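A.B. asks: Chain by chain, the residues:
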Amino acid sequence: MSKFNKKKSGDLPPVNTASLPDIVFMLLFFFMVVTVMREDELKIANILPVADQVEKLDKKNPVSYIYAGKPSRGYEKFGTEARLQLNDKFAEVKDIAAFVNAERASLREELIPFLTIALKVDKEANMGIVGDIKQELRKVNALKINYTTGKGSALDNMNR
Amino acid sequence: MAKRSAPEVNAGSMADIAFLLLIFFLVTTTIPKDSGINRKLPPMEENEEDVIIKQKNIFTVLLNGKDQLLVEDEIMEVKKLRAAAVRFLDNNGDGSCDYCKGAKDASSSDNPDKAIISLKNERETSYGVYITVQNELVAAYNELRNRRALELGPAKGFRDMSFVEMQKNYRDAKFVGNKGNLKEVIDQIKIEFPQKLSEVQ
Chain A
143 MSKFNKKKSG
153 DLPPVNTASL
163 PDIVFMLLFF
173 FMVVTVMRED
183 ELKIANILPV
193 ADQVEKLDKK
203 NPVSYIYAGK
213 PSRGYEKFGT
223 EARLQLNDKF
233 AEVKDIAAFV
243 NAERASLREE
253 LIPFLTIALK
263 VDKEANMGIV
273 GDIKQELRKV
283 NALKINYTTG
293 KGSALDNMNR
Chain B
691 MAKRSAPEVN
701 AGSMADIAFL
711 LLIFFLVTTT
721 IPKDSGINRK
731 LPPMEENEED
741 VIIKQKNIFT
751 VLLNGKDQLL
761 VEDEIMEVKK
771 LRAAAVRFLD
781 NNGDGSCDYC
791 KGAKDASSSD
801 NPDKAIISLK
811 NERETSYGVY
821 ITVQNELVAA
831 YNELRNRRAL
841 ELGPAKGFRD
851 MSFVEMQKNY
861 RDAKFVGNKG
871 NLKEVIDQIK
881 IEFPQKLSEV
891 Q
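Each protein sequence line maps, in turn, to chains A and B.
In terms of the working numbering, the first sequence opens at residue 143 and continues consecutively.
In terms of the working numbering, the second sequence opens at residue 691 and continues consecutively.
Treat the hints loosely; a few may be bogus.
What the hints assert, rightly or not - List of simulated lysine-lysine pairs, DSSO-like, C-alpha gap at most 27 angstroms: (1) 293/A x 769/B; (2) 198/A x 756/B; (3) 286/A x 804/B; (4) 281/A x 791/B; (5) 873/B x 858/B; (6) 212/A x 810/B; (7) 293/A x 858/B; (8) 286/A x 846/B; (9) 286/A x 810/B; (10) 201/A x 864/B; (11) 873/B x 286/A; (12) 198/A x 730/B; (13) 198/A x 869/B; (14) 880/B x 286/A; (15) 202/A x 810/B; (16) 756/B x 212/A; (17) 730/B x 293/A; (18) 769/B x 202/A; (19) 864/B x 202/A; (20) 198/A x 864/B; (21) 864/B x 293/A; (22) 810/B x 281/A; (23) 730/B x 212/A; (24) 756/B x 201/A; (25) 730/B x 286/A; (26) 804/B x 202/A; (27) 201/A x 880/B.
Keep in mind the hints are simulated off the structure, nothing from the lab.
Keep in mind the model is a prediction, meaning the values are calculated, not measured.
Sequences and hints are given; from them, build the entire structure.
C.D. replies: Right, dumping it as structure tokens:
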């Protein structure tokens, strides 16, 4: 009685998975696009001050980052005073010379004079540490610096 | 009636939809870029000779440990700093600067080339306030340079372009226009209003 056997059951047809790779690729590309590579993991509070006369940090030239600010939660044992962070570690002011030389060593020779040091300093920090950093940078002749800031009205920094 | 299986969904256009979304995100997402105030530190010199600068050519800005601003030994609000710096730089005391529009006050700076802003801070000054003051001083220079750019620009074919826009366009690879001329204008303005900002250690 083939007439009745032909359509055997009410099974659902299998879900078409042909587009699954597309969806996966879409997600992949999406995350590739929006992901920003974090340079360093911060161990300090780092709320940058804002300014409106800013210039873009030229990424064509090499940039090294120096962070400063007071240790964030979980690192209270390092004190409440503003500290310096180089790469992933807390550092002392005297370590800057070695840091700059290490950064220079990893660059191609013709780019060395263009090395910019970006200072990412928390706005609550005081100028003592910034002055120390600048003095140390002068000693190793790394003179191009950039005070990294957010964008906004500079007068907002005043009311704390 | 016999039960019929549902027809298969046509998935051929799924890839198109995926690409459409992909391109949408590609276009709309921007990667944040760092920006800030560029500065050049003075080199360490072994034998520092004292250059004698007339007191009237120095505009002293002091930030004390309580984040108070002292300009020429008087307390000033940060809001007024920009205008005061512009007045000082644009003063043209000796009359040698024909593009200045200042008051020609004999007790203030001689010309923009000689005028020096000296910024001093104490260790206790907070960084946020320091950046604000830096920003205002850079703004004062930019204000004068923008004014000059609007005067010089039209002759070279850059109408209604401020100095800041000129610099941006000069760095922009997509800019259509004569970059050689643009560089000339930028360099001339930089010579006319040199940024002489000294920081006292």
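A.B. asks: Hints first: check each against the structure and report whether it holds.
C.D. replies: How the hints compare with the structure:
The straight-line distance between the Cα atoms of residue 293/A and residue 769/B is roughly 18 angstroms, inside the 27 angstroms bound, and the hint therefore holds. For the hint pairing residue 198/A with residue 756/B, the CA-to-CA distance comes to about 31 angstroms; that exceeds 27 angstroms, so the pair is violated. About 24 angstroms separates the Cα atoms of residue 286/A and residue 804/B, which keeps this hinted pair within 27 angstroms; it holds. With a C-alpha separation of about 41 angstroms, the suggested pairing of residue 281/A with residue 791/B is violated against the 27 angstroms cut-off.
Restraint check: the Cα-Cα separation between residue 873/B and residue 858/B comes to about 11 angstroms, which is no more than 27 angstroms; the hinted pair holds. Using a Cα cut-off of 27 angstroms, the hinted pair residue 212/A and residue 810/B holds, with the two alpha carbons roughly 24 angstroms apart. Of the pairs offered as hints, the one joining residue 293/A and residue 858/B holds, with about 16 angstroms between alpha carbons and a cut-off of 27 angstroms not exceeded. The straight-line distance between the Cα atoms of residue 286/A and residue 846/B is roughly 31 angstroms, outside the 27 angstroms bound, and the hint therefore fails.
At most 27 angstroms may separate the alpha-carbon atoms for a hinted pair to count; residue 286/A and residue 810/B meet this at roughly 20 angstroms. As the CA atoms of residue 201/A and residue 864/B are separated by approximately 17 angstroms, the hinted pair is consistent with the 27 angstroms bound. A threshold of 27 angstroms between alpha carbons decides the hint, and for residue 873/B with residue 286/A the separation of about 21 angstroms falls inside it, so the pair holds. Between residue 198/A and residue 730/B the alpha-carbon distance is near 15 angstroms, which keeps this suggested pair within the 27 angstroms criterion.
With a C-alpha separation of about 19 angstroms, the suggested pair residue 198/A and residue 869/B falls inside the 27 angstroms cut-off, and the hint holds. Straight-line distance between C-alpha atoms of residue 880/B and residue 286/A comes to about 18 angstroms, which keeps the hinted pair within the 27 angstroms bound. Proximity of residue 202/A to residue 810/B is assessed by CA-CA distance (about 32 angstroms); at most 27 angstroms being required, the pair is judged violated. Distance check on the hinted pair: residue 756/B and residue 212/A sit about 19 angstroms apart at the alpha-carbon level, within 27 angstroms; holds.
Annotation: proposed proximity of residue 730/B to residue 293/A holds, straight-line Cα distance about 21 angstroms (limit 27 angstroms). The hinted pair formed by residue 769/B and residue 202/A fails the criterion: a straight-line CA distance of about 35 angstroms is larger than 27 angstroms. With a CA separation close to 16 angstroms, the supplied pair residue 864/B and residue 202/A stays within the 27 angstroms bound. A hinted pair counts as satisfied when its Cα atoms are at most 27 angstroms apart, and residue 198/A with residue 864/B qualifies at roughly 16 angstroms.
Distance restraint check for residue 864/B and residue 293/A: the Cα-Cα separation of roughly 24 angstroms lies within the 27 angstroms cut-off, and the hinted pair is therefore satisfied. For the proposed pair residue 810/B and residue 281/A, the alpha carbon gap of about 20 angstroms is at most 27 angstroms, so the pair holds. In summary, the hint linking residue 730/B to residue 212/A is supported, as the alpha carbons are separated by about 26 angstroms, within the 27 angstroms threshold. Proximity of residue 756/B to residue 201/A is assessed by CA-CA distance (about 36 angstroms); at most 27 angstroms being required, the pair is judged violated.
Taking the CA atoms of residue 730/B and residue 286/A, the gap is about 5 angstroms. The hint holds against a cut of 27 angstroms. Restraint check for residue 804/B and residue 202/A: not satisfied, since their Cα atoms lie roughly 34 angstroms apart, outside the 27 angstroms limit. For the proposed pair residue 201/A and residue 880/B, the alpha carbon gap of about 23 angstroms is at most 27 angstroms, so the pair holds.
Checked against the numbered hints above, the structure violates hints 2, 4, 8, 15, 18, 24 and 26; every other hint is satisfied.
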